[in-house]
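Colleague: Respectively, the protein sequence lines represent chains A and B.
Basically the working numbering = 1-based index in the first sequence + 143.
Basically the working numbering = 1-based index in the second sequence + 32.
It is possible that part of the hints are untrue.
Here chain B is said to cover these stretches of chain A; the calculated rule only asks that three of the stretch's residues, wherever they fall, bring their Cβ under 8 angstroms from a Cβ of chain B [what the hints assert, rightly or not]:
| hint | segment |
| --- | --- |
| 1 | 170 to 181 |
| 2 | 194 to 204 |
| 3 | 237 to 243 |
Each computed DMTMM-like pair below joins lysine to aspartate or glutamate, with the alpha-carbon atoms no more than 25 angstroms apart [said to hold, decoys possible]:
| hint | chain 1 | residue 1 | chain 2 | residue 2 |
| --- | --- | --- | --- | --- |
| 4 | A | K296 | B | D280 |
| 5 | B | K39 | A | E299 |
| 6 | A | K274 | B | D46 |
| 7 | B | K43 | A | D185 |
| 8 | A | K205 | B | D101 |
| 9 | B | K89 | A | D161 |
| 10 | B | K281 | B | E258 |
| 11 | A | K226 | A | E247 |
Hints listed in this document are in silico derivations from the structure and should not be mistaken for laboratory results.
Where is the CB? At the ideal position from N, CA and C, for every residue including glycine.
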Amino acid sequence: MKQDNLEKCKSVIDGDMDAIKWLFMKYQPKMFFFCNEFFHNDSLSKDLVQDSFVAFLEDHYKIKDPKCVVSYLFGILRNRCLKEVRAQAIRNRFTNIDLLNLQEMELSNWPSDDNILDRIFSDELVSGYRKAVEGLSDQCRRIISLSREEGMKYCEIAEKLNISQRTVENEVYRGLKVIKQSLKGFIPILLLFIIL
Amino acid sequence: MDKLDTKLLLKFLDGTLNEEEASAIYSWAQESEENKNYLTSMKEASMFSRYEAPMKKADTRNEWHKFIDKAGLKENKNNLYRSFINLAAAIILVAGGILFFNAKFKNSIPSSEQDTPLILETGIGQTASATLPDGSIIKLNSCSKLAYNPQMWRKQRSVLLIGEASFDVAHDETRPFSVQMSRYKISVLGTRFNIDSYPGSEKDYVSLKSGRVQVNIINKENSQLELTPGNSFVFDNGSGRYEIKPTDKNQFSWENGEIVFDDQTLVQKRAEIYRLYGYTLQISKGCSGMSYRATFDGESINEIMAVLAKITPNLAYRIDDGNKTVTIWKKLITPSQVSR
Numbered sequence: 144m145k146q147d148n149l150e151k152c153k154s155v156i157d158g159d160m161d162a163i164k165w166l167f168m169k170y171q172p173k174m175f176f177f178c179n180e181f182f183h184n185d186s187l188s189k190d191l192v193q194d195s196f197v198a199f200l201e202d203h204y205k206i207k208d209p210k211c212v213v214s215y216l217f218g219i220l221r222n223r224c225l226k227e228v229r230a231q232a233i234r235n236r237f238t239n240i241d242l243l244n245l246q247e248m249e250l251s252n253w254p255s256d257d258n259i260l261d262r263i264f265s266d267e268l269v270s271g272y273r274k275a276v277e278g279l280s281d282q283c284r285r286i287i288s289l290s291r292e293e294g295m296k297y298c299e300i301a302e303k304l305n306i307s308q309r310t311v312e313n314e315v316y317r318g319l320k321v322i323k324q325s326l327k328g329f330i331p332i333l334l335l336f337i338i339l
Numbered sequence: 033m034d035k036l037d038t039k040l041l042l043k044f045l046d047g048t049l050n051e052e053e054a055s056a057i058y059s060w061a062q063e064s065e066e067n068k069n070y071l072t073s074m075k076e077a078s079m080f081s082r083y084e085a086p087m088k089k090a091d092t093r094n095e096w097h098k099f100i101d102k103a104g105l106k107e108n109k110n111n112l113y114r115s116f117i118n119l120a121a122a123i124i125l126v127a128g129g130i131l132f133f134n135a136k137f138k139n140s141i142p143s144s145e146q147d148t149p150l151i152l153e154t155g156i157g158q159t160a161s162a163t164l165p166d167g168s169i170i171k172l173n174s175c176s177k178l179a180y181n182p183q184m185w186r187k188q189r190s191v192l193l194i195g196e197a198s199f200d201v202a203h204d205e206t207r208p209f210s211v212q213m214s215r216y217k218i219s220v221l222g223t224r225f226n227i228d229s230y231p232g233s234e235k236d237y238v239s240l241k242s243g244r245v246q247v248n249i250i251n252k253e254n255s256q257l258e259l260t261p262g263n264s265f266v267f268d269n270g271s272g273r274y275e276i277k278p279t280d281k282n283q284f285s286w287e288n289g290e291i292v293f294d295d296q297t298l299v300q301k302r303a304e305i306y307r308l309y310g311y312t313l314q315i316s317k318g319c320s321g322m323s324y325r326a327t328f329d330g331e332s333i334n335e336i337m338a339v340l341a342k343i344t345p346n347l348a349y350r351i352d353d354g355n356k357t358v359t360i361w362k363k364l365i366t367p368s369q370v371s372r
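Full structure from sequences and hints, please.
Modeller: Shown next, in the form of structure tokens:
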């Protein structure tokens, strides 16, 4: 973590209002994004992030090391997500037990020590991502951008580009694999955790 | 590793799995760590590939304002000392032990940082809790103010209170903790107690939960009283008389956000309802004598009035949201007479 961020995290522990605002402004979008990847529900994700910040604030002064501030925040968020996954499973009377298992597995696969909030959208990663996208074939890049950045459905893209849906899916898959490769260099700790 | 079907993988990444597909993916992931790892890294790649739209959807600025409302924070330029409530710096005039909070001074810049007391203040319907530098925890009821001077704190733990608060004081024999009230002073070493001293109320109540507290009446010699747990020091603001009585069992119910009617009338609860909801009750004579036994836990003013009207056949009310008043009167005919 950068030095000035560390200073800010120290002020967060001391309860400095400006620092808390900084933390919120910086991490709320990432946390929202992370939640939304699981729940695909904007208002639920916003609520979970809100709750996490409120919980964080109740205990912020107990954090000893400023380096841990963000992972602590992420830890809270991850636990809230787990709680929500379980609550949903109960509401659905466990009709989809494997979806619950899958979501629990995913959530517990993000180690909070090396937390994704600091990694995700860091400058290096974003430029790595951009480079990877540039290296894709024209069609693949086009499809990735329609699907991901514009949020179009696969069948809509197929119709628009006049190709089969199967082709669209294959291109998205191929594109993501390339992107994954490009990110690999940046996530050794995560991989290490999973392999160990 | 068996290859995972592309379609299935994409559905996983997009969160559109149905039951059967979720089972298929889950059992595939369970086959090996490698598979699990693959899913996680694909998910991460997928997250990356669509980051711009959700960043806008996150609505961060709005969410921030929602958050500070929810947490009872106030955006200001001063540091909060390990508390998350609105500590607004202000200048307090302390004259002859009597405290004046002057709203006009609130936003002016203090002449020197040294003498700037920290004020913790709650509005209508708000409660707040704060941790003081020594670890003492204070919970503030609605429409209350607490102030202390962080500069003086090292030497003496002294706070000023208007309204109601409960204290959980950290033990420190070298520095007694004191609460200055206008007409008496409370000193403790480490204990839990509650002070109920709203301006305009007939009586003040200092109630002890555990430990020991001393009460000294200001300007009166040999007036030291010692309070034991389960008892309250009751100070009559009119006559200046005081006594020690067993604590009312509902003295602490506000900490759980409850309003308790214990054979009490709406007239007796009027001030409390105003502090919690901001509504003024206008009660006609015919209704002022009726007492109730009820506990409300987070209900709105509309719900409370609806319940009271239901259990009181001839009670009628009208809520005026514009002027924030509730008018309560006695119906001349009861519903049973109407139906006849």
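Colleague: For a quick check of understanding: which of the numbered hints are violated here, in increasing order?
Modeller: The structure breaks only hint 4.
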